[in-house]
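Could you use the hints to bring the two separately framed chains together as a complex?
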Amino acid sequence: IAGITQAPTSQILAAGRRMTLRCTQDMRHNAMYWYRQDLGLGLRLIHYSNTAGTTGKGEVPDGYSVSRANTDDFPLTLASAVPSQTSVYFCASSAGTSGPDTQYFGPGTRLTVL
Amino acid sequence: GQSLEQPSEVTAVEGAIVQINCTYQTSGFYGLSWYQQHDGGAPTFLSYNALDGLEETGRFSSFLSRSDSYGYLLLQELQMKDSASYFCAVRDVQNNAGNMLTFGGGTRLMVKP
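As given, the protein sequences belong to chains V and D, one line each in that order.
Heads up, my numbering is the position in the first sequence plus 1, with the first residue counted as 1.
Heads up, my numbering is the position in the second sequence plus 20, with the first residue counted as 1.
Okay, chain D solo, but in the shape it has when bound (with noise of 0.2 Å):
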């Protein structure tokens, strides 16, 4: 089975940089992802993880460390927009169970001015 380990919350002001991190046990590993959800709307695919390392896209990067079975996702010059629910997820590539992903719990991040 997975699990999948996040802060429940965040909190943190206009322009900041934030850490959102995720810990997770996993049978069979095949990469981190992260989704952003905003309250009301659907998830969407933020970034993706199948190797050790950093994973950058505009403000928004991503780390994995496969050894110690775990990730984050930082989020720099933060703006009120980014005030949303982040998910960290597994791929569990299972037979014939297709890429189903497990998620985290989900950390709100509240961004205030």
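Chain V on its own, in the form it takes in the complex (with noise of 0.2 Å):
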């Protein structure tokens, strides 16, 4: 069992150059997540999903798209990079349940934005 994986590991990108990270999970978790990460301000939600055929906006989807066409894959687009968008990029899931639920993250994009 993989859990979650994404593609690419690490990406060397030109502003203004369109790029998808790829996501998926092999758990049939229902929700999906799509975090960055920069160093000293946490994990930011970009957007999620709670089921397939579903997305939602979290607190900095601006310049990010995404789209749920099945449960397990759940590519994040952005459409003309910036050098701002140069993070680390975590996908995660959950089984969209009470309680915990937990969330299980990929292994994370490095994305470099020149």
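Take the hints with a grain of salt, since some may be wrong.
So the derived list for chain D, only partly shown, Cβ under 7 Å to chain V, looks like this [claimed, not checked]:
| # | residue |
| --- | --- |
| 1 | ALA32 |
| 2 | THR46 |
| 3 | GLY48 |
| 4 | PHE49 |
| 5 | ALA62 |
| 6 | PRO63 |
| 7 | TYR68 |
| 8 | MET120 |
| 9 | PRO133 |
Derived from the structure by calculation, the hints contain no laboratory data.
Even for Gly, the Cβ is constructed at its ideal location relative to N, Cα and C.
Written as structure tokens, this is what we have:
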């Protein structure tokens, strides 16, 4: 069981380019999330999805879009990358239940926008 | 909205006990979680408190006081491998918002020999 996979592991991107970060989970979780992590700022939610076919905006959604065509995949797209989007991006999933509803995180994608 | 405060850094020696505090402000509280993240790694779940009191899991315990909007993570018998960042997080269950988490800025724990 792989859990959550993310691709690519790292990427250097020229400003203005379009980029899609991929995220796939095999736990049949209902909910999925995208976070960015910058030094000293913890994890900030970009977008989330409660279930396939639905998405919502998190704390820092500007410049990013997501889709949830099926349960397993939750890609994050940067339409026109800017240097301030340099960060480590984590995808996560959870069952979407009550209680702790533990989030399981992927290994992350380190993105540098020049 | 939600906001969480925790110390940025804590240092302790191997074998000691350390407490990492977290205070939060939230419009709707559904529980306080703690996650651990080693350098270069992904966050992993440690514990969750929905009700007041202490939850113990091995060397780690987590405490919550809802009336004080305060919680802490207690790490006992510290080991070098406990050197990591620790994040508190609160759930924000709003209409159609799922089980979103708002994270604190993290506490970097350094364990010294």
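Now the hints, each set against the structure:
no. : hint   : verdict
1   : ALA32  : violated, 21 Å
2   : THR46  : violated, 14 Å
3   : GLY48  : violated, 14 Å
4   : PHE49  : violated, 14 Å
5   : ALA62  : holds, 4 Å
6   : PRO63  : holds, 5 Å
7   : TYR68  : holds, 3 Å
8   : MET120 : holds, 6 Å
9   : PRO133 : violated, 26 Å
When the structure is compared with the earlier hints, violations turn up for hints 1, 2, 3, 4 and 9 and for no others.
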